[in-house]
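Visitor: Each chain, letter by letter, is given below.
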Amino acid sequence: MNTVLLVQSLIGGIIMGSVYALLGVGFSLTWGVMRVIHISHAAFGLIAAFVAYGCLQRWGIDPIASLVFMVPLLFCCACFVYRFLILPVTKAREVIVSSMILTFGIAIIVENIMLLIWGPDPRLITTWYTSRVFIVGPFYFQYAPVAGFVMAVAGVGVIHLFLKKTYTGKAVRAAWQQSDAAQLYGVNLTRISMITFGLAVGSAGAGGVGLALLYSFEPHAHNLWLIYLFLVVIVGGVGNVLGTAAAGVLIGIITGLSLAFLPYQWVNPLTFGLLMAVLAVRPHGLFRSEV
Amino acid sequence: MLAVERLVVKYDELTALRGVSLTVESGALVAMIGSNGAGKTTLLNAVSGLIPTREGTISWEGSLITGLTPDAVCRLGIVQAPEGRKLFAKMTVEENLQMGAYSPGPRARVAESMKRVLELFPRLAERRRQTAESLSGGEQQMLALGRALMATPGLLMLDEPSLGLAPIMAAQIFEIIGDLNRAGTTILLVSQEVLQTLSIARDGYLLENGEITLAGPSERLLADQRVKKSYLGL
Amino acid sequence: MRRDFVKGVLVFLLLVGFSAAFCLQSAGAQEKKPIIIGGSLPLTGEFAETAKWIKLGMEYWGQEVNKKGGLLGRPVEFKIYDDESNANKAVTFAEKAITVDKVDLLFGGYPGTAARAVMPVAEKHKYVYVSMGGHMKSFEQGYTYCFGGPPLMGEWWYEGFFLWLNSLPPEQRPKRAALYTMNNPIGASLMSSLYTWLKKLGIEIVIDEKYNLPLPDATPLVVKAKQMNCDILFSNGFFDDGVMTIRAAKALDYNPKAIVQGIGSVIPAWIKELGPDGDYVFSGTSLYNKLKYPGNDQLNAYVKEKFNLPGYPVYFGFGYCWMQVLAQGVEGAGGLDQTKIRDWLKSHEVHSIAGPMKFDAKGLPAPINFCTQIQNGKVELIWPKDQATAEPIYPKPAWKK
Amino acid sequence: MASVCPTKTAKKVVGIALLSAILLVFPWLGPPVYFISFLYTVFMFVCMASAWNLIGGYAGYLSFGHAAFFGTGAYAAAMLTKAVGPGTASNLLCSIPSGLVAAVIALVVGYPCLKLRGPYFAVITLCFAFVVQLSVQNLGVLGGPDGLWIKGMDLPVETGRSILYESMLLLMAITILVVERIEHSKFGAGLRAIKQDEEVAQTMAVNAPRLKMGAFALSAFFPGVAGGLHASYLTYIHPTIVFDVNMSILIVLMALFGGGASWLGPVVGAVLLSFINELLSTFVKAELARIIYGSLFIVVIIFMPNGIMEFIRKRKQTGSPH
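Protein chains in written order, with the numbering used here: chain V, 1 to 291; chain R, 292 to 525; chain L, 526 to 926; chain C, 927 to 1248.
Heads up, some of the hints might be wrong.
[Stated by the list, open to error] The calculated DSSO-like cross-link candidates involving lysine-lysine, where the alpha carbons are at most 27 angstroms apart (straight line), are:
#1 C:K1211 to L:K627
#2 C:K1077 to L:K871
#3 C:K1242 to V:K91
#4 R:K301 to C:K1242
#5 L:K903 to L:K829
#6 R:K377 to V:K165
#7 L:K593 to L:K831
#8 C:K1077 to L:K887
#9 C:K938 to C:K1112
#10 V:K164 to R:K377
#11 L:K725 to L:K700
#12 L:K662 to C:K1121
#13 V:K91 to R:K377
#14 L:K797 to L:K724
#15 L:K593 to L:K815
#16 C:K1008 to L:K662
#17 C:K1041 to C:K1121
#18 L:K887 to C:K1008
#19 L:K604 to L:K651
#20 L:K910 to L:K815
#21 V:K164 to R:K406
#22 C:K1077 to L:K651
#23 L:K883 to L:K651
#24 L:K724 to L:K910
#25 C:K937 to C:K1242
#26 R:K301 to V:K91
#27 L:K887 to L:K865
#28 V:K91 to C:K1121
#29 L:K592 to C:K938
#30 C:K938 to C:K1041
Hint data in this document are derived by calculation from the structure and do not stem from the laboratory.
When you get a sec, could you build the whole thing from the sequences and use the hints?
Guide: This is how it looks when you write it as structure tokens:
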């Protein structure tokens, strides 16, 4: 067996999966807590990627550093979107369905606004650490993906801690598990939903920048991201932050393994097929929803 | 003092409350009895702001609170321990209690309240780190009560606190409720356990089909023929 | 329910009526009016990036023609629909252009799958269709109105590169090849020439893998190629997977003698985004901005002024060139009769920025075999010798760290 | 609903007859071919959205993989015509067994997939569509990455398009009829019960698994046939064309846009969205057209959260209280 190839594939796969998990965590939260399937989630992540690219080109700001203002910015943006678009819809009979159509519309708009602003050309983030590596034994670690991985771990960790340790985070969980009781003890549902949504979109910004460290991107790239997002979230169990992270790693491992052992053309069908199998056996994902 | 006047609540076209009036004096323990579907839970939810009212008013300490959102009502100190307990199932006992003190006022005193509640319910102290769903029925009810106490209620509304509990457990709960009241908490107690409820309450209301059909001191309710027949099986 | 139904019917009829009205309005084109050239391009969605350049190229051609007094004395005008990168839509829009707008000429679309779907439509409606085509297979379907002028022909793409490789002394040639190919029509059409040439040049194919897009990670590909000591890497992909492969190769310090990249390296973003890392990559092309044919300098000057690019992007040239070929057909035929245009194109030599072309029965010119290499952030032509703008840099220098 | 006013029934019958007559003769009046083709695609989408509504609208199982059945139909028809020998009749007829192939595949994948609920079902069907698309792209027998060219139908453009138009019209009519019948049958009631509450439905002697399988297979059959016809229409098929994810999503949007509660919703949704999209592409600059298209979903959902038809019904109820 070719160990080097295997390990190298796994490294790549796990990094990829965890960055998708970072993008997916917020998606999972909005879905779990608010019953809103936010189709434009990845599109907001893509905005962050474009802005980070712009900041890097113009002012030389590191993409990860640019998150310092990007996340709050996206947070505010999301609050507006929530207040004026999502909130009216949450009164519909079938929130999941109507929110899906609504946010599908938002995704189309966001994509085409990006197309108008930035044009259709693909972008690639190049920083001082792009293509730099550190070598551990026979294994190569590229700085940029590793940075994405670290960011993913940190991001998921922060969200996890927020939910577990802060009062607001606990309120988010409480509102999801028992919205009536949460209200009875002083939780303002609208406010909590707005915070959740803002936080989710903010983390999507981090996820988008993470993916931009790994891949090139163009205004339509969010469609592809969204598909992986769905996979990570569903396998991880909707609303389960750590589950999402684990699912990301799992999908990464599957991809890595199949890249190492299979003809490449069967990697994608196999990944999707295996996930189908996972879902068929465990209908609610590998990990139960548990926030 | 809570005062409800001629309150009407409708679900779509179904009328649940048809002009209910009641008062809960400060420091009192008022019982609200009635059969299933009489509208007891609806009344509490209307007071808490969970469901909209059609007509009538609700006031608290002299000011109108009709139409406030549940969290605003809670901030005024009106706290409901809802029917079926509605605990945060996947959160720990401790977190459930913390959530009880979510409003800014109680939150400032959270450590103090926590100590008090855990002293009151030593079982909860033992199980602080367990999830709420892993507790037994009685323990869950204690947690529900404890969570409500964490909110340092000015008025505590308890909806069927003994539902589904073994008789011994239920008796214990009623005892605690009585103690709480004696310690100064104003309580509106809703229950189908008519005898036990009325035995600890000073005043009582009988709610039937969305209307108050009988009101007065507990002894008078207990002595009433209708109550005896329909609710005590005598 | 019933009234819903009636209302539904009414709305439906209303809409039919509306569009019929629009149709009548637009169908009333008359003489002395401009020559309308119609069709669709994927202006939004997945392929928008390429379509943008094709559109600009076509429009520049129109601008030029109109400045010179138009085509057949009439100004030209484009009617471009957005097919949203959806081949189904490309088909309906082609039919719309032909039968509703009654366009005088049809322009060529993008990408290959859309072209494959539109070619039979053009054929059925007897409209001359000058485009990139959908590689050799699409020209083997017996269409007579379709021309590749010049085509984007996977089967020819690496011809120039191999001819140049063939000119090297055998001992300098690479010995072991790694082939990574995207699994789509472009990738598939590259394979036959790869197999024949590699065999002819005595290069052993050590790895031959296809992948479906999107490629999740390129590292394993490079690790494998490195482990197997492949000294030539064929990365037959688009931009996204292409840049990933190059970056992984740099990161893992994999230094084959040559890296050949398929389609991704021909768009301006390659140089702009990848910078020096994109250097030394070989690619094929059927069009190049420094060809010594008339018109190229002028296009380059325009692009330099307008977009600040050193030379026109290849798809800009394609858009321009297809129109150039079509216009010569029109002028040669002396009118807009499609069959006459076709017959003229089949029987005469056309001159374009891609050089002189003479179309065969399939609608194809003689195989085009330019080979390019990116050197110092510029695309240089290294084959054929008489057109070359630079000497190839071979073997590829080691990565600059 | 129970007591049907005779004049209204008459109106309805006349309306349907008139509409069918207009649609039937339309291609033979010599309109530009594009209109035949465009209406053909409208019919195709009406057919698919209606069929989708069986499982998505009535039973509440949102399938995001219906392009898989469409594509399967297209590929099956392509292979079948190759085997049988191409020709106008055989091309058209081959679309029927292609629909059956799609239905059988739906049964096979439906068995495990239909155990999943809500969004999980949506995602597993999406995955399924990808697996099929990528597998077809990988299988040389099916043309692999090159796709397939379909021969046959050597007719003048107008005739060929008209024949396909009529076939698709017929298919659409049958689909709508079947869906409408089902809506008012026990089968339909069972499906709606499943959507309301599957457990309760089970206890009310609704054989939920069997109903769901039936609905899923039927909802795959019609798109399969449509795909078979579409193969003859396109004459060149490729996995990225006939298994397009966007098509799956579009079908869902059309059905929900119109309202999934009744058979009319998907019809109205498909017709409206097709026309709006076409008008936008024609008259508005590309990106702007997309932006308006996106806003349309937002506006509709905010003001008519349960679809257009539901909105109209509600308005009518409040507008005319008797």
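Visitor: Now, for every hint given, state plainly whether the structure supports it.
Guide: Verification of the supplied hints:
1. Note on C:K1211 and L:K627: the hinted pairing holds, with a Cα-Cα distance of about 21 angstroms set against a maximum of 27 angstroms.
2. Restraint check for C:K1077 and L:K871: the C-alpha separation of about 25 angstroms stays at or below 27 angstroms, so the hint holds.
3. Between C:K1242 and V:K91 the CA atoms are separated by roughly 21 angstroms; this keeps the pair inside 27 angstroms, and the hint holds.
4. Taking the CA atoms of R:K301 and C:K1242, the gap is about 23 angstroms. The hint holds against a cut of 27 angstroms.
5. Simply put, L:K903 and L:K829 have alpha-carbon atoms about 14 angstroms apart, close enough for the 27 angstroms limit, and the pair holds.
6. Proposed proximity of R:K377 and V:K165 is supported: the alpha carbons are some 22 angstroms apart, at most 27 angstroms.
7. A hinted pair counts as satisfied when its Cα atoms are at most 27 angstroms apart, and L:K593 with L:K831 qualifies at roughly 20 angstroms.
8. In summary, the hint linking C:K1077 to L:K887 is supported, as the alpha carbons are separated by about 18 angstroms, within the 27 angstroms threshold.
9. Restraint check: the Cα-Cα separation between C:K938 and C:K1112 comes to about 24 angstroms, which is no more than 27 angstroms; the hinted pair holds.
10. Of the supplied pair hints, the one linking V:K164 and R:K377 holds, its CA atoms being roughly 20 angstroms apart against a limit of 27 angstroms.
11. For the given pair, L:K725 sits about 12 angstroms from L:K700 by alpha-carbon distance, which is consistent with the 27 angstroms threshold.
12. Taking the CA atoms of L:K662 and C:K1121, the gap is about 49 angstroms. The hint is violated against a cut of 27 angstroms.
13. Restraint check for V:K91 and R:K377: satisfied, since their Cα atoms lie roughly 22 angstroms apart, inside the 27 angstroms limit.
14. Note on L:K797 and L:K724: the hinted pairing is violated, with a Cα-Cα distance of about 35 angstroms set against a maximum of 27 angstroms.
15. Note on L:K593 and L:K815: the hinted pairing holds, with a Cα-Cα distance of about 24 angstroms set against a maximum of 27 angstroms.
16. For the suggested pair C:K1008 and L:K662, the alpha carbons sit about 17 angstroms apart, so the restraint of at most 27 angstroms is met.
17. A distance of roughly 13 angstroms separates the Cα atoms of C:K1041 and C:K1121; the hinted pair therefore holds under the 27 angstroms criterion.
18. About 24 angstroms separates the Cα atoms of L:K887 and C:K1008, which keeps this hinted pair within 27 angstroms; it holds.
19. Under the criterion of a C-alpha separation no larger than 27 angstroms, the hint pairing L:K604 with L:K651 is consistent with the structure, at around 19 angstroms.
20. A C-alpha spacing of about 13 angstroms is found between L:K910 and L:K815, which places the hinted pair at or below 27 angstroms, so the restraint holds.
21. Restraint check for V:K164 and R:K406: satisfied, since their Cα atoms lie roughly 21 angstroms apart, inside the 27 angstroms limit.
22. Restraint check for C:K1077 and L:K651: satisfied, since their Cα atoms lie roughly 18 angstroms apart, inside the 27 angstroms limit.
23. A threshold of 27 angstroms between alpha carbons decides the hint, and for L:K883 with L:K651 the separation of about 21 angstroms falls inside it, so the pair holds.
24. Proposed proximity of L:K724 and L:K910 is supported: the alpha carbons are some 23 angstroms apart, at most 27 angstroms.
25. Pair hint C:K937 plus C:K1242 holds up; C-alpha atoms about 19 angstroms apart against a cutoff of 27 angstroms.
26. For the proposed pair R:K301 and V:K91, the alpha carbon gap of about 19 angstroms is at most 27 angstroms, so the pair holds.
27. Proximity of L:K887 to L:K865 is assessed by CA-CA distance (about 17 angstroms); at most 27 angstroms being required, the pair is judged to hold.
28. Note on V:K91 and C:K1121: the hinted pairing holds, with a Cα-Cα distance of about 19 angstroms set against a maximum of 27 angstroms.
29. Among the hinted pairs, L:K592 with C:K938 is inconsistent with the structure: their alpha-carbon atoms are about 59 angstroms apart, more than 27 angstroms.
30. Restraint check for C:K938 and C:K1041: the C-alpha separation of about 40 angstroms exceeds 27 angstroms, so the hint is violated.
Checked against the numbered hints above, the structure breaks hints 12, 14, 29, 30 and satisfies the rest.
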